[in-house]
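Peer 1: Go by the hints and put chain B onto chain A.
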Amino acid sequence: MRAAAEKGHTSAASLPGIPRASKLITSAVAAKSEATTSSPSTKPGHEVLLFEALQEGLEEEMEKDPRVCVMGEDVGHYGGSYKVTKGLAEKFGDLRVLDTPIAENSFTGMAIGAAMTGLRPIVEGMNMGFLLLAYNQISNNCGMLHYTSGGQFTIPIVIRGPGGVGRQLGAEHSQRLESYFQSVPGLQMVACSTPYNAKGLMKAAIRSENPVILYEHVLLYNLKERIPDEDYTCCLEKAELVRPGKDVTILTYSRMRHHVLQAAKTLINNGYDPEIIDIISLKPFDLYTIGNSIKKTHRVLIVEECMRTGGIGASLRSSIIDNFWDYLDAPIMCLSSQDVPTPYAGPLEDATVVQPPQIVKAVEQLCQ
Amino acid sequence: MYRKMVTLQVMDTIFYDAQRQGRISFYVTTIGEEAINIGSAAALNATDVVFSQYREPGVLMWRGFTLQQFANQCYGNEYDLGKGRQMPVHYGSNELNYLTVSSPIATQVPQAVGAAYGLKMDKKDACAVTYFGDGGTSEGDFHAGMNFAAVLGAPVLFICRNNGWAISTPTSEQFRSDGVAIKGQAYGVRSIRVDGNDALAVYFAVKNARKMAVEEFRPILIEALTYRVGHHSTSDDSSKYRSVDEIEYWRTRRDPVARLRMFLQSNRWWDDENEDLLRQDLRTQMMSVLHNAESKKKPGLSNLFEDVYDVIPQNLKEQEQETQAIVGKYPKDYPSDVPLD
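Heads up: the sequence lines are chains A and B, in that order. Start counting the first sequence at 1; every next residue gets the next number (the UniProt record's numbering). Start counting the second sequence at 1; every next residue gets the next number (the UniProt record's numbering).
Honestly, the hints are just simulated from the structure, not real lab data. Don't take every hint at face value.
Unchecked claim - Under the rule of at most 27 Å between Cα atoms (straight-line distance), these lysine-lysine pairs were calculated in the DSS-like manner:
(1) B:Lys124 / A:Lys91
(2) A:Lys238 / B:Lys317
(3) A:Lys361 / A:Lys265
(4) B:Lys120 / A:Lys91
(5) A:Lys64 / B:Lys120
Bound conformation, chain A alone:
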């Protein structure tokens, strides 16, 4: 057992191109934190909560490029339902941080029109589930117009918002939109899971010429981490190697990353050496990083929050089989939510989300 591995820290120096190690979070949902601003730092960087990291990324890009603007419900003076746009309306004005009426298809359409004529809008869905109302604009126009116009018009838009299963928010507010959008050609999709990658991905998404959907998770907004002071972005198409290992490749993203890390503590104690990869890029998959891992471990476990049918796991499984069949020693295992609407009752809701003990059991089964 490697002592360093027990702590869950990875050494950034030994892994080229990998972003700084993220602290192991001991619970999947961080508790409300104390004030972070006044801590005297002996280490470089500054501590932020995930929603603050997103806000910083957004603010920096808005300062840098006057074409960047934000649209969504209550993003202005209210600061956004999850406070990601806090303070921006005061700083940049009501036009650049636009409060929209409740018409998702409409303001997404507006953003597309604005993007095609030179602006770089960021659309906030108050909850990802509401973006289902914008599906027409997102699939028929956002993903397609660059192609159907023969490359004449680009749509450098970012669509973001909280999704995933929260704390008893009910079925309509607990959706995994990445399932539904993954098939739309022309879109890029990324999921953030830590304050570091949240800020990096936000900035990269804004700078990208393609339409990007940035998936945030309702329960991760209060995660705390120390992030660099200097300007940085994360690559939109690159997965994050969270923990190197040799027994099994665990592929995951968003909140499930933290469940996997929790399970990893038990696994390591029991003598397993899992390699954990946060796939980050949901469309397209970073098959280079994923493939290198599979070539090393020969066993794959996918842990996702999507439902069994038609989720990211289903597509990932298919991609892996197409590309790395010869390297597999066992069938790919995939832990997902059941094909049911998310119930309101607490215990029922917990039962639909993959929990750490399940992950431990799956790895044990895979490694027999």
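Peer 2: Leaving out everything else, chain B in the frame of chain A:
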């Protein structure tokens, strides 16, 4: 203006026939709505951004899209600006500020509001313009777009071609309101109802509306009353749901092109001889343009995979290689005029 209206009419007639002969796969005519197309286009500036539905090629024509370019798009050949990716009549030109047509109804309405928002932020002397039919005013996007434009004070013109029919649905089954102009009032948008077959009326209405929109930062709704003389598209036979007499009446007695012609002729600015010469010349041009477009190659296979993203990603490169391999291996099963590269 009159010449362009005639050009549009001739183009529609000939391209429609071309579709019937199997030369192009699909076409949508604008017969009966030439006055709206050209009259409104003439009243706009070249920098005004246009978001159309699909029955407004006259606007593009006015701005300088050539007959050859129209034909190229319908044939989807290698000279098509859209690179063969959209159905016929889904024109688009970045240079002429005419956004590529997208089939779903009314999706362009909020997009126009978004563009107007950008123009307002940049304080440009330009407005956004969006066209749609009577049917389009039932879509959710129309209502939200109008509402939002009003709240935002966006400089956008909403031009509704109320032509009486949405495929087979007459306006009496589309809405029970007093036409479309009143819908604007409900949202706090200044509205006007215009005789859509009177090219000069349309021109002056749009000219004034544009001034208001740009100078006062407000949206304007223009309801232009007209009649869809042609079928909805080449996939439709409208005699199945409306009387041939009705169609003939509007085609002959209420033709906007003939109306403007009579006005010009009565003022001695035009005569029969000019008319014949013009139509003859246009027909010749049209035939040659079609022939040219037909003889051009189709876009190469690589166009299937480019422009999905700004830079082609690995998975699409792989799919391209797979496709090239298959087409290369079984060339007899694939059309011979599609180059492999």
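Peer 1: Work down the list of hints and note, for each, if the structure agrees.
Peer 2: Against the structure, the hints:
{"no.": "1", "hint": "B:Lys124 / A:Lys91", "in the structure": "holds, 23 Å"}
{"no.": "2", "hint": "A:Lys238 / B:Lys317", "in the structure": "holds, 17 Å"}
{"no.": "3", "hint": "A:Lys361 / A:Lys265", "in the structure": "holds, 13 Å"}
{"no.": "4", "hint": "B:Lys120 / A:Lys91", "in the structure": "holds, 19 Å"}
{"no.": "5", "hint": "A:Lys64 / B:Lys120", "in the structure": "holds, 20 Å"}
In terms of the numbered hints stated before, the structure departs from none.
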